[in-house]
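*Asks:* Here the protein sequences line up with chains W and R, keeping their order.
For reference, each letter of the first sequence is one residue, going 1 to 119 in the numbering used here.
For reference, each letter of the second sequence is one residue, going 1 to 533 in the numbering used here.
Keep in mind the hints are simulated off the structure, nothing from the lab.
We treat Cβ as the ideally placed atom computed from N, Cα and C, and that holds for glycine.
Check the hints yourself; a few may be wrong.
[Said to hold, decoys possible] Cβ-Cβ distance ranges computed for the label pairs, FRET-style:
id	chain 1	residue 1	chain 2	residue 2	range
1	R	Ser496	W	Asp107	30 to 40 Å
2	R	Gly493	W	Asp12	22 to 32 Å
3	R	Gly425	W	Gly28	46 to 56 Å
4	R	Glu162	W	Glu94	51 to 61 Å
5	W	Thr86	R	Ser496	21 to 31 Å
6	W	Gly28	R	Asp528	29 to 39 Å
7	R	Thr167	W	Asp107	48 to 58 Å
8	W	Gly44	R	Gly425	40 to 50 Å
9	W	Thr86	R	Pro404	21 to 31 Å
10	W	Glu94	R	Pro244	55 to 65 Å
11	R	Gln170	W	Glu94	42 to 52 Å
12	R	Gly425	W	Asp12	34 to 44 Å
13	R	Glu397	W	Asp12	45 to 55 Å
[Unchecked claim] Only some residues are given here: those of chain W computed to face chain R with a beta carbon under 8 Å:
id	residue
14	Asn59
15	Ser60
16	Ala64
17	Leu70
18	Ala71
19	Arg74
20	Ile95
21	Ser99
Spelled out, the chains give:
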Amino acid sequence: MNATESGAVVADRDGVAVIELRGRIDAGAEPAIARAGAEAAALGRAELMLDFAEADYINSTGIALIVGLLARARAERREVSARGLTPHYREIFEITRLSDFMRIVPDDALATPGPGAST
Amino acid sequence: MTTRLPITSLRAVRRRLRRGTADAAAPAPAAPAAPEAPAIEIAPNDPIVAYFQSAGGVVDVEELELDSPALVAMREAGVRLAVPLVSQGELIGVLNLGPRLSEQEYTADDRKLLSSLAGQAGPAVRVGQLVREQEAEARGRERIEQELRVAQLIQANFLPHEVPDLTGWQLAAYYRPAREVGGDFYDFIELPGDRLGLVIGDVTDKGVPAAMVMAASRTLLRSTAQRLVAPGEVLEEVNELLCPDMPEKMFVTCLYAVLERQTGRLTFANAGHNLPYVATAEGGAELRARGMPLGLLPGMQYEEREAVVQPGETVLLHSDGLAEAHNPSGEMFGFPRTLELVGRGGDGQAMIDSMLGALASFTGAGWEQEDDITLVTLRRSLGAGIGGPEAERVLAEVSIPSAPGNERLAIERVAEVAAPLGLAGERLERLKTAVGEATMNAMEHGNRYREDVPATIRVSLDGGRLWVRITDLGGEAPAGSPVLPDLEAKLAGMQSPRGWGLFLIERMVDEMRAETDGDRHTLELGFDLEGGP
Chain W
1 MNATESGAVV ADRDGVAVIE LRGRIDAGAE PAIARAGAEA AALGRAELML DFAEADYINS
61 TGIALIVGLL ARARAERREV SARGLTPHYR EIFEITRLSD FMRIVPDDAL ATPGPGAST
Chain R
1 MTTRLPITSL RAVRRRLRRG TADAAAPAPA APAAPEAPAI EIAPNDPIVA YFQSAGGVVD
61 VEELELDSPA LVAMREAGVR LAVPLVSQGE LIGVLNLGPR LSEQEYTADD RKLLSSLAGQ
121 AGPAVRVGQL VREQEAEARG RERIEQELRV AQLIQANFLP HEVPDLTGWQ LAAYYRPARE
181 VGGDFYDFIE LPGDRLGLVI GDVTDKGVPA AMVMAASRTL LRSTAQRLVA PGEVLEEVNE
241 LLCPDMPEKM FVTCLYAVLE RQTGRLTFAN AGHNLPYVAT AEGGAELRAR GMPLGLLPGM
301 QYEEREAVVQ PGETVLLHSD GLAEAHNPSG EMFGFPRTLE LVGRGGDGQA MIDSMLGALA
361 SFTGAGWEQE DDITLVTLRR SLGAGIGGPE AERVLAEVSI PSAPGNERLA IERVAEVAAP
421 LGLAGERLER LKTAVGEATM NAMEHGNRYR EDVPATIRVS LDGGRLWVRI TDLGGEAPAG
481 SPVLPDLEAK LAGMQSPRGW GLFLIERMVD EMRAETDGDR HTLELGFDLE GGP
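Could you build all of it, start to finish, from the sequences and the hints given here?
*Replies:* The structure is reproduced here in structure tokens:
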């Protein structure tokens with residue numbers, strides 16, 4: 001799958017299903033995120049990581065889409081983590097309590113794989 | 001004296017004949033020197049009235065054959081002769097004579113004398129009656145005029161003698177009492193915290209009673225407003241105080257509003273008074289709030305609403321006298337016409353002048369004003385307070401077509417304005433998120449993504465606080481709630497995953513307020529320029 005300006009790309013990194021969220025995470029990203037959720041599930045990994053390093057805007061609709069991804073992963077008993085959040089969006093994940101349901105990985109604690117590692 | 005001449009209640013007969021009542025009390029007859037004969041009541045429908053009116057002379061009571069209660073009474077009272085007093089065909093009294101004291105019968109000469117006396121006495125008594133009636137009417141008129149003067153005096157003393165001088169605002173007031181003074185009143189109440197209370201009211205009824213109730217209401221409002229401030233609570237309390245002493249069939253309609261001078265925020269509650277109107281860029285709009293008039297029932301509650309008067313906008317408070325004025329063909333000036341005139345805008349005094357001009361051409365010359373007319377205008381100066389250290393300064397205003405994704409335009413514009421003010425880093429990000437969410441709400445829920453209905457974003461600076469006001473024309477409160485959404489329920493699929501907008505906004509800003517003003521809904525976001533990281 002090709003990376004697009006806004007959307008979601010799925011990668012399989014070291015046994016972890018990764019959804020790279022790119023550009024604007026809003027209503028326009030809904031089809032891409034739905035597709036990515038399905039693709040990531042198909043990898044059958046025990047952990048799902050949401051990678052926000054390339055995301056530059058998340059609005060309330062985007063939050064709702066992330067809630068949808070999180071709900072699906074929990075239903076399928078997969079652990080969820082998130083990385084690449086700016087301090088602002090990390091704060092938003094905290095006040096929305098999303099961070100109570102996913103592990104927030106500090107950037108310096110992760111060996112960043114090369115960008116664009118797509119399948 | 002050889003005869004007694006008891007005059008039977010001339011006035012009573014006349015009064016009863018005129019009014020057609022059957023139970024008027026008869027005053028004592030005037031015959032001080034002779035033994036008094038009882039007053040004889042003659043009902044207006046008694047056939048003897050018609051008989052007397054056409055008798056043309058002395059009537060022998062014994063010989064009369066009529067089914068008449070008055071005749072029976074006259075016989076019982078020992079009346080022998082009745083002499084009708086007639087003037088211009090109208091029976092104005094009857095001279096009743098008992099038996100002669102000499103115990104002889106009345107002679108032909110007696111009857112002739114009485115007949116000619118009646119012919120002259122009738123008109124003379126009538127003249128006397130007319131003089132008395134006119135005197136009574138003049139006294140009545142004088143009393144009414146006196147009452148009017150008292151009512152006007154009370155009214156004039158309890159209305160403000162001047163309008164307050166309020167920086168950044170222009171206030172104007174117009175009051176013209178009807179000849180028969182109604183119970184209109186208005187008031188300006190200085191409140192702590194740079195706020196001003198505005199009152200307009202109308203007491204049902206007219207004259208002195210209305211003026212007294214108006215004076216009491218005004219005094220109660222003044223004292224309560226100082227203590228409670230919140231308009232709904234003020235009206236609630238004044239209603240409680242007025243109810244026990246309110247005269248029957250009277251009540252008071254009243255609008256009470258509190259204006260925050262610096263922000264233009266107007267909080268108001270309405271006890272059944274005419275809705276205030278506001279002239280906005282989009283035309284005239286109503287400021288709605290519900291409540292029962294004061295003094296009718298205790299235990300009432302009053303809805304409290306808010307609106308923000310923007311620079312250049314004018315609010316009109318008005319009484320019935322204008323909208324309910326009629327022209328000679330019975331057509332009413334009407335509330336729609338008043339609202340339409342408000343929509344044309346103009347500063348406060350110009351608006352009042354245009355209303356009065358329109359009223360004059362509507363009613364035509366020679367119109368007698370039916371009710372008091374009261375108009376109070378409140379205009380926020382354009383660029384309110386520029387150069388004034390305390391007032392709010394508008395920095396930018398932008399209209400955005402309501403289309404998905406256009407919130408980006410709002411975010412960019414607001415960020416451009418805010419960055420030079422020192423808002424940066426995390427606080428700038430918070431501002432951008434809040435503005436984006438609020439604009440999206442306005443375009444989606446308010447304007448339903450109709451591209452021809454723009455969302456407007458106004459950025460202004462009030463001291464150390466930046467205000468972003470986002471307005472749509474949906475007239476409804478935004479979807480969602482600032483309460484923390486239930487994430488567990490959303491994750492369990494029991495609730496929609498959406499509904500984060502208002503909660504996010506509320507958490508991003510230092511102050512959030514929602515205003516609904518007619519169809520316009522405004523979300524106000526306040527950011528302190530010096531705050532946390």
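*Asks:* Are the hints correct? Go through all of them and say.
*Replies:* Verification of the supplied hints:
no.	hint	verdict
1	R:Ser496 / W:Asp107: 30 to 40 Å	holds (32 Å)
2	R:Gly493 / W:Asp12: 22 to 32 Å	holds (27 Å)
3	R:Gly425 / W:Gly28: 46 to 56 Å	violated (27 Å)
4	R:Glu162 / W:Glu94: 51 to 61 Å	holds (56 Å)
5	W:Thr86 / R:Ser496: 21 to 31 Å	holds (27 Å)
6	W:Gly28 / R:Asp528: 29 to 39 Å	holds (33 Å)
7	R:Thr167 / W:Asp107: 48 to 58 Å	holds (52 Å)
8	W:Gly44 / R:Gly425: 40 to 50 Å	holds (42 Å)
9	W:Thr86 / R:Pro404: 21 to 31 Å	holds (24 Å)
10	W:Glu94 / R:Pro244: 55 to 65 Å	holds (56 Å)
11	R:Gln170 / W:Glu94: 42 to 52 Å	holds (48 Å)
12	R:Gly425 / W:Asp12: 34 to 44 Å	holds (36 Å)
13	R:Glu397 / W:Asp12: 45 to 55 Å	holds (50 Å)
14	Asn59	holds (6 Å)
15	Ser60	holds (4 Å)
16	Ala64	holds (4 Å)
17	Leu70	holds (6 Å)
18	Ala71	holds (5 Å)
19	Arg74	holds (6 Å)
20	Ile95	holds (5 Å)
21	Ser99	violated (10 Å)
Hints 3, 21 from the list above are not met by this structure, while the remaining hints are.
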